[in-house]
Structure formats: structure tokens, C-alpha cells
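Residue strings, one per chain:
Protein chains: 2
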Amino acid sequence: MAQQARAIRTRRLILESAAAVFAERGYERTTIGEILVRAGLTKGALYFHFASKEDLALGVLDAQMLDEPLTPQPVKLQELIDQAFLLAHRLQRDPLVRASVALAMDSGAAGVDRAAPFRAWIDQVAEILTVAKVRGELLLHVDVTDTAELFAGSFSGIQAMSQILCDRNDLTHRVLVLLRYVLPTICTPALLIRLEMTEEHARRLAAEYDEKRFAEDGENLTTSSR
Amino acid sequence: MAQQARAIRTRRLILESAAAVFAERGYERTTIGEILVRAGLTKGALYFHFASKEDLALGVLDAQMLDEPLTPQPVKLQELIDQAFLLAHRLQRDPLVRASVALAMDSGAAGVDRAAPFRAWIDQVAEILTVAKVRGELLLHVDVTDTAELFAGSFSGIQAMSQILCDRNDLTHRVLVLLRYVLPTICTPALLIRLEMTEEHARRLAAEYDEKRFAEDGENLTTSSR
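Chains as they are written, first to last, in UniProt numbering: chain A, 1 to 226; chain B, 1 to 226.
Hints were generated in silico from the structure; no laboratory data involved.
As the structure is a computational prediction, the values presented were derived from the model and not from experiment.
Any given hint might turn out to be false.
Said to hold, decoys possible - Examples of chain B residues lying across from chain A (beta carbon under 10 angstroms, computed):
#1 23
#2 105
#3 127
#4 130
#5 150
Glycine included, each C-beta is placed from N, C-alpha and C at the ideal position.
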């Protein structure tokens, strides 16, 4: 158990180091050697977790996906809202998530499959929308793929603009605007009023997420220092 | 007149060369010398138009703005639609516009005011929305700034995703989806049915734009070869 916790932390340390060097030097110019220096690890420790620089990039890209499943909600569309708010929070809070999105948007990162995180993200949204459709939550005209791609694409631009204009300080508000201007075209008013779509709800979700994660980190710490 | 036309073409040649080198080497690593080689010009010719590398970057960033005013429309919101379709077309067609947007999204371009093009773009959309509001085209709850920022941010992400997934081949469709999912929340159904919001309309606008621009280029060509 101690060993597993240590492995998880080493993996995260490697990813954070890789992300930091990618962000500073650009993906193309980064060498494995620089990542080792940053992480303070041996080659063996790194190669135990990642086979190559490309593999590291995939690991970093993967970090933007939610690390645990969303709490299931009686109204499925609530999960779409919660997912968007949580990603906004993680972007504001976690350097690894920021680095992940920066790498996906970095047009200089040739040789990295930058389409993969967009596809994974579209799939996640589409999955929620498909269930919402089956449950009768969506208006008849709504195309699941178009809508999933609209959310993924819009979100990525909104967070980039928010980063450039104010270091993502207003990201929660911008995500709220996106949701409030799009959701009324995809579900009925009767459903709309049942959705929790406020900055206060976003803050509550963020606090729950941090608390849970902090508890886990504390657990890992205790376990690995035994 | 011949001289003025030549100056316009030289300016564009310099911007295209700068944009190409920025895209290849990244803004930070680009030198004025490399841009000169690419453009096949002397230092004097370049400095006549641009004072520094920063100044060149501003010129490239500026190229994403529409180069001529939109045709005024009886329904003001139609101009919002036309502007979005024309930007999609120019992104698909003009390497300088592509480079401009890439530079604005390039997180490695420290020292460049990447907020400026976003602000200019938000202002343009806000101007249209403000007139639309005065004319009574917008629903009461619509916040002009929030909506302008939503359009600018969403568009920038949608075009980035479209570029990564399919080299912007589906960009017109994605812009159409954005418009169709947001406009119903900002204006009444009675106004909505008066808006031209189809791929066919987008194609017509693009053809008109190209024809006009081609005519101008031809004119410049004749004038400058006299």
C-alpha cells in the first residue's frame, strides 16, 4: 500500500515536472534530461512510468480529464453543468491541468496527438447528453454530437480568453454565461428551473472537490510515511 | 497611386513573412533578420513599415480584424452572423489571418499583447449588440458585455478545435451550430426567423468577399505595374 501511494506520487511529480518544462521550453525543444533534473529523479524511475517524451505528453494531456466520476444527479444535465464548473475550478487551481490544456492548444507541439484530449472531452460530454436524451431531458431538435462539440470547443476558447485577459480570475462567471446562454436552447423551461446553475453552486462543488482531494492526499501521506 | 499600391503590397508581404516565421520558430526565437530573408527585403524597407519585432507582432495580430466594414443590415443581429461567417471563411482561406489567430493563442509569445486582439474583437461584437439592443432586437435579460465575450471566446475555441480535428474543414458548420444554439436565447422567435443563418448564406457571403477582394487585388496589380 505504501509502495502504491509512493508510485502514484512519483508519477504525479514526473508529470508536473514534464508539464513545467514543456510550458517553459515548448514541447519540441524539451529533452527527457531536463525533466529528470526538474523532478530530481533517475532515468530508471522515470522510465518505470513513461516510455518516451511522447508518452509523457500523453500523460500530461490526460490530466485535464476529471480524475474521478461525477456524482450522479437525478437530472442528467446537472452533470454537464457540474463537469464544466469543476474543470474551471481545476484550471484555476491545479498547475498540471493548466499545463495539460496549454499543451493541447500549443500549435508548436508537432508529434503530439493534440486531437486526443478534444475527442476524449467531446466523448465525455456526448455520453452525458446521450443519457439526457434517453431520459427525455433534451428538446427534439438537439443533435448530441453538435452540442457536445459546441461545449468542448466553446469551453476551450473561453478559458484561453479568460487566461489571457485576467489569468482565469473570471472563469467561473464566463462558464456560467456559456451555460446560461446555451442550456435554454437544449432543454425545456420546466427542466431549466430544476438545474443548479449559479456561482454559489460552483463554489460549493469546488470546495467539496478540494476537501475530498485533500483528504486523499493526507491519506497517501500517512500511508507512505509509515 | 502606383507607389501607394506598392507600399500596401510590401506591407502585406512583410506581415505574411513575419507570420510565417513566427509560426515556424515561435515568436520568442524569431529575429528580424529571418523575416528579412523570408521577405527578400532590405532592412530599410522593413523599418519603413515596422519599428520593431513587437510592432510586427501587432501588425500580424491586427490582420484578424475584418479589413472592410460589414454591409449594414436591416436586422442588426444579421451583422453578427455575417461577421462570424466571414471570419470563418478568412481563417480557412488566408494564411495571414490564420497566423494572426495562432499568435494570439500562442502562450509562448511573452512580450506580445495577446489581450489586444481579444479586446478589439469583443468591442466589435459589443458594438453590434449595443445597436441591436437600442433597436429592440435583444431580449430584456441580455447583457451586452457578457454576450460579446461569450461569442469572442467561444469562436476562438471552436476554430482552434476545428483546426486540430480537421484543419478547419468543418468550421462553417461549427460556427452555424454556435449561432443556432445561442441566438435563440438572445432574441425573439419572430426576429429569429428573419435571420439568414444557413451554410448556403455563409457560402454566398464568402463568394462576395472573395470577388471583391480579387477585384481590388487586380486593381492594385494593374496600378503598380504601370
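Results for each hint:
Nearest Cβ of chain A to the Cβ of residue 23 of chain B: about 7 angstroms, under the 10 angstroms cut. The hint holds. Interface hint status for residue 105 of chain B: upheld, as the beta-carbon distance to the closest one in chain A is roughly 6 angstroms, under 10 angstroms. At about 18 angstroms, the closest approach between the beta carbon of residue 127 of chain B and any beta carbon in chain A exceeds 10 angstroms, and the interface hint on this residue is violated. This hint is violated: residue 130 of chain B has a C-beta 17 angstroms from the nearest C-beta of chain A, more than the 10 angstroms allowed.
Because the closest C-beta pair between residue 150 of chain B and chain A is about 5 angstroms apart, less than 10 angstroms, the hint holds.
Violated hints, listed in ascending order, are 3, 4; each of the other numbered hints is respected by the structure.
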